[in-house]
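Protein chains: 4
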Amino acid sequence: MRPKHQLESAEFDLEGFYSNVRKYTEKLCEPLEVEDYIPQPIEDVSPPKWNIAHTTWFFEEMILKSFADDYTEFDAEFGFLFNSYYNTIGERTQRNQRGDLSRPTVKDVFAYRKYVDAEMRALFEQELPQKVKDLIVLGLNHEQQHQELFLTDLKYTLSVNPTYPVYRENFALVEKGEIDSGNFIEVEGGIKEIGFDGDGFHFDNELGRHKAYLEDFEICESLVSNADFVEFINDGGYRDHRLWHSEGWDWVNSYQISSPLYWTKKESNWNIFTLGGLRKLIPENPACHISFYEASAFAEWKGMRLPTEFEWEAASDRFDWGLRWEWTGSAYLPYPNFSTAKGAVGEYNGKFMINQMVLRGSSVATSPGHSRKSYRNFFHPQLRWQFTGLRLAK
Amino acid sequence: MRPKHQLESAEFDLEGFYSNVRKYTEKLCEPLEVEDYIPQPIEDVSPPKWNIAHTTWFFEEMILKSFADDYTEFDAEFGFLFNSYYNTIGERTQRNQRGDLSRPTVKDVFAYRKYVDAEMRALFEQELPQKVKDLIVLGLNHEQQHQELFLTDLKYTLSVNPTYPVYRENFALVEKGEIDSGNFIEVEGGIKEIGFDGDGFHFDNELGRHKAYLEDFEICESLVSNADFVEFINDGGYRDHRLWHSEGWDWVNSYQISSPLYWTKKESNWNIFTLGGLRKLIPENPACHISFYEASAFAEWKGMRLPTEFEWEAASDRFDWGLRWEWTGSAYLPYPNFSTAKGAVGEYNGKFMINQMVLRGSSVATSPGHSRKSYRNFFHPQLRWQFTGLRLAK
Amino acid sequence: MRPKHQLESAEFDLEGFYSNVRKYTEKLCEPLEVEDYIPQPIEDVSPPKWNIAHTTWFFEEMILKSFADDYTEFDAEFGFLFNSYYNTIGERTQRNQRGDLSRPTVKDVFAYRKYVDAEMRALFEQELPQKVKDLIVLGLNHEQQHQELFLTDLKYTLSVNPTYPVYRENFALVEKGEIDSGNFIEVEGGIKEIGFDGDGFHFDNELGRHKAYLEDFEICESLVSNADFVEFINDGGYRDHRLWHSEGWDWVNSYQISSPLYWTKKESNWNIFTLGGLRKLIPENPACHISFYEASAFAEWKGMRLPTEFEWEAASDRFDWGLRWEWTGSAYLPYPNFSTAKGAVGEYNGKFMINQMVLRGSSVATSPGHSRKSYRNFFHPQLRWQFTGLRLAK
Amino acid sequence: MRPKHQLESAEFDLEGFYSNVRKYTEKLCEPLEVEDYIPQPIEDVSPPKWNIAHTTWFFEEMILKSFADDYTEFDAEFGFLFNSYYNTIGERTQRNQRGDLSRPTVKDVFAYRKYVDAEMRALFEQELPQKVKDLIVLGLNHEQQHQELFLTDLKYTLSVNPTYPVYRENFALVEKGEIDSGNFIEVEGGIKEIGFDGDGFHFDNELGRHKAYLEDFEICESLVSNADFVEFINDGGYRDHRLWHSEGWDWVNSYQISSPLYWTKKESNWNIFTLGGLRKLIPENPACHISFYEASAFAEWKGMRLPTEFEWEAASDRFDWGLRWEWTGSAYLPYPNFSTAKGAVGEYNGKFMINQMVLRGSSVATSPGHSRKSYRNFFHPQLRWQFTGLRLAK
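Protein chains in written order, with this note's numbering: chain A, 1 to 394; chain B, 1001 to 1394; chain C, 2001 to 2394; chain D, 3001 to 3394.
If you're looking for bench data, these hints aren't it; they were derived computationally from the structure.
Warning: the hint list may mix true and false statements.
Non-contacting residues of chain A with respect to chain D, defined by C-beta distances greater than 12 Å in every case (computed) [said to hold, decoys possible]:
#	residue
1	Ala68
2	Glu73
3	Phe80
4	Thr88
5	Thr93
6	Gln130
7	Asp134
8	Asn141
9	Thr163
10	Ser181
11	Ile233
12	Lys280
13	Arg318
14	Tyr375
Straight-line Cα separation of at most 20 Å, SDA-like style, residue types lysine to any residue; simulated pairs [to be verified]:
#	chain 1	residue 1	chain 2	residue 2
15	A	Lys114	A	Glu77
16	A	Lys192	D	Gly3237
17	C	Lys2342	B	Arg1239
18	A	Lys65	A	Ala344
19	B	Lys1192	C	Ile2191
20	B	Lys1027	B	Pro1162
21	B	Lys1192	B	Glu1218
22	C	Lys2394	B	His1210
23	D	Lys3192	A	Glu188
24	B	Lys1192	B	Lys1373
25	A	Lys107	B	Val1034
26	A	Lys65	A	Glu119
27	C	Lys2302	B	Lys1373
28	A	Lys342	D	Glu3347
29	D	Lys3023	D	Tyr3348
30	A	Lys302	D	Glu3347
31	B	Lys1342	C	Met2304
Ideal Cβ placement from N, Cα and C applies to all residues, glycine included.
This is chain A alone, in the form it adopts within the complex (with noise of 0.2 Å):
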């Protein structure tokens, strides 16, 4: 939110950014049928068409409205239908009428991309204030995320389709294997820095900088495998009160929970379903699509527990992360010093920051360039239709 020194130098080539940006979403889209680009089967999960035209409302809200000279915009609606939860900006679609929407057409979404486009290429030919710039970059790192959406929310609304249709046949996320060392590392305690500290992008969220104290700790420096969560289901992990905290235990009740999210037995093999179709499930990979409630309920069976996301960021440099997003034991709160921009930009992050987990690292689904070791991820801790992960300490 706040780039330095990168951002600012003569260097950086923000036009090339953007194009990059841009262009990687609409990679993604190839694959799809204009029938898949509507469905919303959960509040959580947004339909194609809403992720493309939300990322690009942004540009148009935050940036062309702004700062280019006499522009009009595409389409008096669009800014109604798009905007995601900025009250700031008024009134906005029920998060959970997204799906509802059958018009404007994929087509007229993709019309509006590229009129946003060429005004924006506009913008670039004139000399930007660095405020203004920081403005795109944010709209981009905001892009980067709603890629990642865009595949984890398409990847659980195909999931519900009992034809279990492929997104990609040979889409990598399926085959990423792992070394499954499970060796410890140790870290000593003391006064870590935490927080942003390099010279790039970041999220307000990540600031400030500051001092926390760790004890002594252990940390794996392997993920926690689909072997081992087999194992824990053959324990009974799923049937055991003493393992869960309370609230997890009446999710388990509630909705019959028995594996991680898209696993399904047949017969007495494991499949799993991916964006490359329903597969068998690969014993080496780690653990995907768990709940905090997961996470938290295997470790306590292996007598262990999360790291704290201060634990994480403080040994990251010396294991191997970005598969799989890796619950922490934090709840996702301020910073000290932590403050929120004025205006619709400060509803980012701010305001989320109760009744959430932090998750740090990456996922297979992460855009090329959107990860970093203070990046903080955050979401509910029943949630699982993320690639979530987790990674033992003690």
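Start from chain A and add chains B, C and D according to the hints.
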């Protein structure tokens, strides 16, 4: 269900009837974009894709699979996807999840229709037993019912879109007028014969033909108009508990109902959403999209009542009907000697005979040839997305 | 509501009637502990404290406030607390919050009864206009209805207590037997006179007296017994969708219904909870505590049906009734020429005429003298906490 | 949970402590009518009967059954009836059905208390191992927690009664005032020791004692007052989305929150419901019965924030506390090295460590001797029926 003389006569052109009905469905689809086939904003409203696949499924499931030689089904999964409510046939898509399915595509569904139509044409080459012919006629009447639902469901879906999309610019539904004479016809009581008595198609719920004793009554020549309903609104009809059933009053307050469905006030003028887009309310048109609760409260306000379905049928030759389904004061119950057919077809009507009210007549959205005076339509008392109005009696 | 000859005769002892009914309520209270007066486990079930205060409130609100000279109300807040559903009179305790009120105490409520009784006795000293006498008779019939509710509500409340408390050890309800002849009576059809025709009290919903045409029918001399229902259960009746209304089938599955209310199986024996505690099921007793859905599914299983309320009334002199309310196949609707009284009393019946089914007869819990063949009871089709059974027709 | 030095010393009078705590509960009951022991208007609020039986059950279940020779339980069904949430011990009354139970009577429950007290006194005659003594101390602290709940739950139940019953006319809760200096104390940052460090009783969630690094901060000497909150209301605080968490804003709108709980406006004056009945709001009193959302929005409005629980503990010797529980900005999470006890006692705290916020201090309803600076109370962010207020930090 048990067609008689007319349908058994040599002159009755079943293949022509089949062809006409199936083509009419496709004609209804013409103005649609691919996206329009998908959304299901509420459980009662099915997506067009589902409607056109389900009517096709009826012919495949009930006829081709049983009576065509060596029939190969189009796609084994369609049976699950497009079954509506036939428990006898097996599992099916949950009714509220019809809008979650992007696949099969619209193109696939039209290919399904073509495939089944070709197989049906092949079947017509053969000499068919009367029982099969009867089932085909049932299937075509079933499709005609879904043609009306196609329009009413689509209207609802388009109505939740803030851009008020137009289905057909000059669609007739908005323009149908009526001379509002307000004359009451006096009908002499006595024993009347009720139920189907012709020699054509009819549903099982129109049988058995039986006697009912009616007192003398009066029934209005014309339907209640929009102007009448505006008067009711202006007189505080929606805020006077004395006019409402107890459950109707709860409904008014829970959903803050203050006008018929699709009415919106801009400044001091009433507009209504139609399949031709948002239009000015035409006072002379018959009131439409009202629930049984509203119909009943209106009648109470007038110091009158709704006719029973028996009164309606007995007097129906003496007034014009067909623009709006007309709520009656009769609950949907079996006639004396009603009996349910064996097998899946037996689930057509009988199992819905609770908590619903009978509507008589037909509407502007009813398919040509699909109405008769003994026809019994039925809906829950709070529903309004059909073209429903009322006629007063006393 | 519009009492005639009998009540107007000089011999009719209104004060004696008042005294008897009021005392009977107090007799029902005798076995109760103070604590029993408070809980309301579900919305349909009112606490005893509310029942005995509300019936008293009726006399204060409808009679004393209007017709007693210089009447001083017992407590200004009781009007709000103990109004049931009379919108005309004003705001009231939410129906589902009757069990939240610990005050006024039970002692206070009995003081309230004493106070009103004394004032009523004073009123009887005067010469009362027939209109007031009629209202008093209505109030006493109203109290008799609440006497039955007192027992059925209390039974429900005690039943949710895992200790199965006993109301009266040798309470008659469990012991009523019946000769289960199973004979069917043949009744000749034709025009029948339906509705109240005596010279005593009756409710407005029993009017107007009118003609109805009935086909020939047969009706069973005896009620369906517990043994019959055990057979239905053992034959899989609760698991065969073909027997049920669609909404009934949803109800069975949502609530996992597999027997009448209050039945529990210990090892292989059926027990039932009664006002005399938990008892062994007596096979010869008439089945009880079944919903309309269950009654209808049972009849379907037998290849028969429920009688209509008109058939029941027409044949009611030819069989014994009075142990169980009997579900009929008739929806609760106004009779021809039904009209609603002006003012609060007009809210007594008419506004409930939707989505309910008629029951005829009376039950073991009905107060002495409070039954007649034209009496129309009514409940929603899923409700079972009344003493409800069924009689077959064909 | 693991009491140390003080409780192990020879001088510590365990029997006296037992006697005092148990008597205090009975003193709290004195003003109650039998009826007051029963209702449970919302799930969070337990009936007094349940509170006083459950605390007794703890001694029977955890101590007498295991450690008293030949102990005969008072009533075999009480184990089921009065278990709260201990899955380890078995089935129990559903939490939302505690108010449905009229039996056992209040008299029975007091007999149960007497019986258990006598058995406990007999146990005190023996030489008890330290482990049993520790469990008894835990049981007494548990009862003290329920003493506070007794008052807060009772307050809620009386508040829903339109007659505003009085618990104790001159009950202190309404009258506690406070000098509202508004001074901010400057606290120097650095490494602080956090967690229990004394030699008396403490709960497991106060351990392990550990280091935390704090930045410099300021914390207010006094609590936010009613006058402050009136100002917040008058400035539109409840209608300005920018001040609220996203979920807080949903909560405000769903429940139409516009003031703290128990506040009602009569004409232009604020009244509050207290255990002494309805009273005028005293501006100088500390604000009370606010949710975390309200506390946080108020702080945002002031341009400040809530203290973390670590800041609070580190500074707690420098200000007065004890009138209101104080919301902190800390989520309820385990301290480093937190571990759960084996068996049912292990369900005391750990399983609630999700989606709740920490409160520090104590309240006017907290039992004498039941507070210390390391005490961690916790509730969901929307709850307000405890005596909760806030202190500002910056």
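Hint by hint, here is what the structure shows:
no.	hint	in the structure
1	Ala68	holds, 27 Å
2	Glu73	holds, 24 Å
3	Phe80	holds, 17 Å
4	Thr88	violated, 7 Å
5	Thr93	holds, 16 Å
6	Gln130	holds, 25 Å
7	Asp134	holds, 21 Å
8	Asn141	holds, 20 Å
9	Thr163	holds, 36 Å
10	Ser181	holds, 26 Å
11	Ile233	holds, 20 Å
12	Lys280	holds, 34 Å
13	Arg318	holds, 20 Å
14	Tyr375	holds, 20 Å
15	A:Lys114 / A:Glu77	holds, 17 Å
16	A:Lys192 / D:Gly3237	violated, 38 Å
17	C:Lys2342 / B:Arg1239	holds, 18 Å
18	A:Lys65 / A:Ala344	holds, 14 Å
19	B:Lys1192 / C:Ile2191	holds, 12 Å
20	B:Lys1027 / B:Pro1162	violated, 26 Å
21	B:Lys1192 / B:Glu1218	holds, 15 Å
22	C:Lys2394 / B:His1210	holds, 16 Å
23	D:Lys3192 / A:Glu188	holds, 19 Å
24	B:Lys1192 / B:Lys1373	holds, 14 Å
25	A:Lys107 / B:Val1034	holds, 11 Å
26	A:Lys65 / A:Glu119	holds, 11 Å
27	C:Lys2302 / B:Lys1373	violated, 33 Å
28	A:Lys342 / D:Glu3347	violated, 44 Å
29	D:Lys3023 / D:Tyr3348	violated, 24 Å
30	A:Lys302 / D:Glu3347	holds, 18 Å
31	B:Lys1342 / C:Met2304	holds, 15 Å
Checked against the numbered hints above, the structure breaks hints 4, 16, 20, 27, 28 and 29 and satisfies the rest.
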